[in-house]
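*Asks:* These are the residues of each chain, in order.
2 protein chains.
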Amino acid sequence: MASTTRAVMRLPASSIAFGATSRRQFATSSLLARARPRSRIILDKSKVQQNFRRAYADVAPVKKPRRFRWFRFLWRFTYLSAIGGTAYLAYGVYDQKHPDDQFEPDPTKKNLVILGTGWGAVSLLKKLDTENYNVIVISPRNYFLFTPLLPSCTTGTVEHRSIMEPIRSILRHKKAAVKYYEAEATKIDPERKIVAIDDNSDIKGASNKTEVAYDMLVVSVGAENATFGIPGVKEHSCFLKEIGDAQQIRKKIMDCVETATFKDQSPEEVERLLHMVVVGGGPTGVEFAGELQDFFDEDIKKWVPEISDKFKVTLIEALPNVLPMFSKQLIDYTEATFKEEKITIMTKTAVKKVTDKTVEAEATGPDGKKTLQTLPYGLLVWATGNAVRPVVRDLMSQIPAQKDSRRGLAVNEYLVVQGTKDIWATGDCAVAGYAPTAQVASQEGAFLARLFNTMAKSEAIESQIHDLSSSLNLQPGNTAEIAKEIEAHEKQLRRIKDIKPFHYTHQGSLAYIGSERAVADVSWLNGNFATGGGLTYLFWRSAYLSMCFSTRNRVLVVLDWLKSKAFGRDVSRE
Amino acid sequence: MASTTRAVMRLPASSIAFGATSRRQFATSSLLARARPRSRIILDKSKVQQNFRRAYADVAPVKKPRRFRWFRFLWRFTYLSAIGGTAYLAYGVYDQKHPDDQFEPDPTKKNLVILGTGWGAVSLLKKLDTENYNVIVISPRNYFLFTPLLPSCTTGTVEHRSIMEPIRSILRHKKAAVKYYEAEATKIDPERKIVAIDDNSDIKGASNKTEVAYDMLVVSVGAENATFGIPGVKEHSCFLKEIGDAQQIRKKIMDCVETATFKDQSPEEVERLLHMVVVGGGPTGVEFAGELQDFFDEDIKKWVPEISDKFKVTLIEALPNVLPMFSKQLIDYTEATFKEEKITIMTKTAVKKVTDKTVEAEATGPDGKKTLQTLPYGLLVWATGNAVRPVVRDLMSQIPAQKDSRRGLAVNEYLVVQGTKDIWATGDCAVAGYAPTAQVASQEGAFLARLFNTMAKSEAIESQIHDLSSSLNLQPGNTAEIAKEIEAHEKQLRRIKDIKPFHYTHQGSLAYIGSERAVADVSWLNGNFATGGGLTYLFWRSAYLSMCFSTRNRVLVVLDWLKSKAFGRDVSRE
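Line by line, the protein sequences are chains A and B. With full-length UniProt numbering as the guide, the letters of the first sequence map in order to residues 1 to 574. With full-length UniProt numbering as the guide, the letters of the second sequence map in order to residues 1 to 574.
Errors might be hidden in some of the hints.
[Unchecked claim] Between beta-carbon pairs, the in silico distance windows are: (1) K310/A x G527/B: 54 to 64 Å; (2) K234/B x L535/A: 35 to 45 Å; (3) K310/A x P501/B: 44 to 54 Å; (4) K126/A x T78/B: 23 to 33 Å; (5) G527/A x R76/B: 19 to 29 Å; (6) G229/A x D129/B: 24 to 34 Å; (7) E490/B x P267/A: 18 to 28 Å; (8) P501/B x G244/A: 47 to 57 Å; (9) T78/B x D309/A: 41 to 51 Å; (10) K310/A x S397/B: 36 to 46 Å; (11) K370/A x T210/B: 50 to 60 Å; (12) K352/A x K234/B: 54 to 64 Å.
I should point out that these hints are in silico values taken from the structure, not numbers from a laboratory. Here a beta-carbon is modelled for each residue, glycine too, at the ideal position from N, C-alpha and C.
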C-alpha cells in the first residue's frame with residue numbers, strides 16, 4: 001500500500017489512472033510469463049507479438065520484484081517507528097525537565113498526609129488529583145527507589161542513581177503543589193489526628209521535630225529487616241533493602257577481594273574471604289547470588305587473575321526450595337543453572353548464629369536428621385524477612401482492633417486500617433492478605449488514588465445537593481426543577497460511590513538467575529506461562545524497563561546496561 | 001582531489017585523459033560564461049556557435065557546480081573521520097577489556113615499591129617497563145582518581161565512577177605482572193629498606209599488618225588537608241580531595257535544601273541553611289562555587305521553587321584575589337562572572353574559627369583595618385591547604401638531611417629524596433620547587449619511568465660488559481674483537497646514562513567558573529595565551545576529556561555531561 005501511494009504522488013495528476021493500470025498489468029503478465037515459460041514457443045505470430053509486448057512490459061517489475069515489497073514495508077515501518085520512538089522519547093525528556101506552573105492548594109481542603117515514598121505512596125501520588133486535597137508527603141528518603149533492580153546495583157551492572165527518581169520531581173509534576181518534608185514519622189496519634197515527625201538527617205535546622213495534623217492519613221512506610229532474633233545478624237550481615245545497603249555490599253565485595261590478595265594471606269583465609277553467603281532464597285537473594293557470580297566470572301577474574309579459582313557463592317534457604325512463588329519446573333531450572341554457575345544452594349537450612357567470620361547453619365537431611373555446619377564467610381547478605389517498623393507497632397498498640405495483628409496494620413477491603421477512621425495503609429506495613437511485594441503495594445496505591453479522587457468528587461456533589469436543598473427552602477418557586485436537579489445529582493453520586501473493594505491481580509513473577517538467564521511465571525489469559533532461559537532474560541530486561549518510573553530512569557538503566565557490557569563492571573572500591 | 005580521483009576510477013582506462021580534459025574545459029567555459037553574460041549577443045556566428053557549444057558543454061557542471069566541491073570534500077572528510085573515530089574508539093574499548101596474558105617477573109630482579117595511586121604513581125606506572133623490576137604498588141585506594149573533575153562530582157554533573165580508573169585494570173595491562181596491596185604505608189625504614197603496611201579497610205584478613213622489602217622506593221602518597229590549626233575546621237567542614245568528600249558534599253547540599261523546607265523553619269534558619277561557604281580561592285574552590293551555583297540555578301530552583309531566592313554562595317580567600325596563578329585580566333573576568341552569578345567573593349579574609357553553624361572571618365579592609373564577621377552557614381567546604389602525611393613526616397624525621405624541610409620530602413633534580421639512596425618522591429609529598437598540582441606530579445612520574453627504564457637498560461649493558469670482561473680473562477684468544485665489543489657497549493652506556501635532570505614544563509592553567517564559562521591561561525610558543533568565556537568552556541571540556549586516563553573514562557564523562565544536560569542533575573539525597 002505504501003509503495004503505491006508513493007508512486008502515485010510522483011506522477012502528475014493526469015497520469016494517475018494510467019500509471020496505476022499499467023502497474024497492475026505488468027504484475028499480471030509477469031505472473032503469466034513465469035507460470036508457463038516453455039509453452040510460449042508453440043504460439044502463433046500474434047501471440048508471439050503479445051508475448052513480446054508482455055516481455056517488454058515485464059522489464060519494469062523485474063527491476064522492483066514484488067518479493068522485496070515486504071522488506072521495503074518493513075524498512076519503512078522500522079524507520080518510521082524509530083522516528084516516532086525518538087520523538088516520543090524526546091518529548092518525555094522535555095516534559096520531565098519542564099514542569100508546568102503549579103497552583104497552591106485551597107487551605108480549606110482536607111489535609112491528606114502520606115507517609116513514605118515507596119511503591120505504595122508513589123503509585124498513589126502518581127494517580128491522585130492533588131487539587132482536591134492539601135497533600136503532604138513525609139519520608140526520610142527524598143526519592144523513589146525502583147527496588148527490583150537493586151540486586152544489580154550491588155555489582156554495578158546498574159548504577160544506583162539510575163533507579164532513583166527524586167520525589168521532588170514527581171511532586172513538581174502534579175497540578176496542585178504538594179508539600180514534602182524530609183523526616184521520619186515517629187508517632188501517629190489517631191485521637192488527636194497528628195503525626196509527630198523528626199528530621200533525623202545530619203544537618204538539622206532549629207525546627208527539626210514537629211507535628212503535622214491530618215484529616216486523612218496513608219501509612220506507606222514499608223517494613224524493616226527481620227533478623228528473627230538470630231544472634232549476630234544485625235552486627236555482621238548486610239541487608240539489601242535500600243540504596244545504602246547496595247553501596248555497602250558493592251564496597252565489601254571488593255574489600256574481600258583486595259583483602260584476599262593482601263601479602264602473606266593464608267590459603268584458608270583467602271578461601272574464607274572469597275566465600276560469599278546469601279541468606280534467603282526469594283527473588284532478591286537469588287538475583288543477588290546470580291549477579292555476584294556474574295561479577296566474578298565476567299570481571300573480577302579478569303582483573304585479579306590470582307584468585308580466579310577461589311571465589312564461591314552459597315545460598316541458604318530455610319524452605320525446601322528457592323523461589324517458592326515459582327512453578328516446580330522453574331525452580332528445577334534455577335537450581336540446575338546455579339549448579340552450572342557453581343553457586344551452592346543449601347535448602348532446608350536454618351541459620352542459627354552469626355559471628356564476624358562464620359555462619360552456623362542447621363541443615364535438615366532427607367531423613368529429618370539435623371546437622372550443624374559452620375561456614376566461614378567473607379561477606380554475608382541477609383535477604384529475607386520483614387519486620388514491623390516502630391511507628392507502625394506503636395500505632396497498632398493504640399488501636400484495640402489491631403491487637404491480634406502481628407505482621408502489620410490489618411486493613412479492610414478498602415485498605416482502611418481496622419479500628420480507625422481516616423487512616424489507610426498500603427504495602428509491606430499493611431496486612432491485606434497478600435505477599436509483601438512491590439506489585440501488591442503499587443496496586444494498593446493506585447486503588448487509594450481512585451478512592452480518594454472519587455471521595456473528592458462525591459463530596460463536591462454532596463455539597464451541591466446541600467446547596468440546592470437550601471435554595472429549595474429559601475425560594476419556594478421553581479421547586480420541581482430543583483428537585484429534578486437534586487435527583488440527577490443523587491444518581492450521579494450513587495454511580496460514583498459504587499466503588500468496588502480492592503482486589504489484587506497477580507501479573508506474574510520474574511527473577512534473574514545469573515549468566516544472562518531469567519525465569520518468569522506470568523499470568524496469561526486466566527492461565528500461567530512459565531519460562532526460563534536467555535530469551536526470558538530479554539523479557540525480564542524489557543519488563544523491568546517498562547516498569548521504571550520515568551523516561552529518565554529508563555534511559556539511564558539502558559545506558560548502564562550498555563556501559564557494563566562495553567566496559568565491564570567497575571572494580572574500584574570506594 | 002578526492003572527487004577527481006573518484007571520477008577517474010569510474011571511467012574505463014582509455015577515456016581517462018579525455019575525461020580529465022573535458023572536465024577542465026567545462027570549468028573554464030563555465031567561468032567565461034558567467035564572467036560576460038551580456039557581451040555574448042554582439043558576437044559573430046562562429047562565436048555564437050562556439051558559445052552554443054560552450055552552453056551545451058556547460059550543462060554537466062551546472063548540475064554539480066564547483067562551489068559544492070568543498071562541501072562534498074568536507075562531508076567526505078566528516079564521515080571518514082567519524083568512521084575512523086568510531087573504529088578507534090571501538091578498538092580502545094576492546095583493548096581495555098581484553099588485556100594480554102602477563103608473565104610473572106623474574107624474582108631475582110630488584111623490588112620496586114611504589115606507594116600511592118595518584119597522579120605521580122599512575123603516570124610512572126603508565127610508562128614503566130615492568131619487566132625490568134618486581135613492581136609492587138601499595139595504596140589504600142584501589143583506583144586512580146581524575147581530580148580535576150572532582151568539583152563536578154559534588155553536584156552530579158559528572159558521576160564519581162566516571163572519573164575513577166581501577167588500578168587493577170591499569171596494572172593488568174602491563175607486560176609483566178605487578179603486585180598490588182590495598183593497604184596504607186604506615187612506616188618507611190630507610191635503614192632496613194622496609195615499608196610497614198596496614199590494611200585499614202573494614203574487612204581484614206588474618207594477615208593485615210606486614211612489611212614489604214624494597215630495593216627501590218617511590219613515595220607518591222600525596223598530602224593531607226591542612227586546617228592551619230584553625231579550631232573547628234576538622235569537625236565541621238567538608239574537604240574536597242577524595243571521592244568520599246565529593247559524595248559527602250553532594251549529600252549535604254540536598255540535606256541543607258531539605259532541612260530548609262522543613263515545617264515551620266524560621267526565615268533566618270532558612271537563610272543560614274542555604275548559605276554555602278567555600279574557603280579557598282584556588283581552582284578547586286572556584287570551580288566548586290561555580291558548580292554549586294549552576295546546580296542551584298539550573299536544577300534545585302526548579303524542583304524546590306519555594307526557596308528560589310534564598311540560596312547564597314560565598315567564597316572566602318585570604319589572598320587579595322582568587323585564582324592567583326592566572327593573569328590579572330582573567331581574575332577580573334572571574335570576579336565579574338561571579339558577581340553576575342551572585343556568588344559573593346570575600347578576599348583578604350582569613351577564617352579564624354568555625355563552629356557547627358558559623359564561620360568567624362577577619363577581613364582586612366583597603367585601609368588595613370581588620371573587621372571580624374560571623375557568617376552563619378549550612379555547608380562549609382574547605383578547599384585550601386596541604387599538610388604532610390604522618391608516614392612522610394616520620395620518614396623525614398629519620399633523615400638528618402630533611403630536618404629543614406617543612407612542606408614535604410626535599411628531593412634533588414633527579415627526584416631522589418635528599419639524604420637517602422634508592423628513595424624517590426613525586427607529587428604533593430615531594431618538595432622540588434614546584435606548585436603542588438596534578439600537572440607537576442604527572443610529569444615527575446613520567447620522568448621517573450624514563451629514569452628507571454634507563455637504569456634497567458644500563459644495568460643490563462653493564463652486566464654484559466662484565467660478562468665480556470670475564471670471558472676476556474678466561475679465553476685469551478680473540479681479544480681484540482671482545483675489546484671492541486666492550487667499547488661499543490660502553491659507548492651505548494654513556495649515551496643512555498646521559499639522562500637530563502627533571503625539568504617541569506608548565507602547560508597552562510584551566511578553571512571552570514560557572515554558567516558555562518571557563519578561564520584558561522595556556523603556555524603557547526614561549527608566551528601565554530589567556531582567554532575566558534563560553535568558548536573557553538568548550539576548550540576546558542575538551543582539554544579535561546583528553547587528559548582522562550582511559551577511553552572508558554572519556555566515554556563515561558561525555559555520557560554524564562549529556563545526561564545532566566538532558567535530564568538535569570539528580571536532587572535525590574542518598
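*Asks:* Decide, hint by hint, whether the structure agrees.
*Replies:* Against the structure, the hints:
For the pair K310/A and G527/B, the beta carbons lie near 58 Å from each other, so the given range of 54 to 64 Å is met. Judged by the Cβ atoms, the range 35 to 45 Å given for K234/B and L535/A is violated: they are separated by roughly 57 Å. Distance hint check: the CB atoms of K310/A and P501/B are about 47 Å apart, consistent with the given range 44 to 54 Å. About 45 Å separates the C-beta atoms of K126/A and T78/B, a value inconsistent with the hinted range of 23 to 33 Å.
The beta-carbon spacing between G527/A and R76/B, approximately 59 Å, falls outside the hinted interval of 19 to 29 Å. Checking the proposed 24 to 34 Å range against G229/A and D129/B shows it is violated: the Cβ atoms sit about 59 Å from each other. A hinted range of 18 to 28 Å is violated for the C-beta pair E490/B and P267/A, which are about 49 Å apart. Checked against the hint of 47 to 57 Å, the C-beta distance between P501/B and G244/A comes to roughly 51 Å, which is consistent with it.
Checked against the hint of 41 to 51 Å, the C-beta distance between T78/B and D309/A comes to roughly 50 Å, which is consistent with it. Here the CB-CB span from K310/A to S397/B is close to 41 Å, well matched to the stated 36 to 46 Å. Our hint of 50 to 60 Å for K370/A and T210/B is violated, since their Cβ atoms are close to 42 Å apart. For the pair K352/A and K234/B, the supplied restraint of 54 to 64 Å is violated, since their beta-carbon distance comes to about 44 Å.
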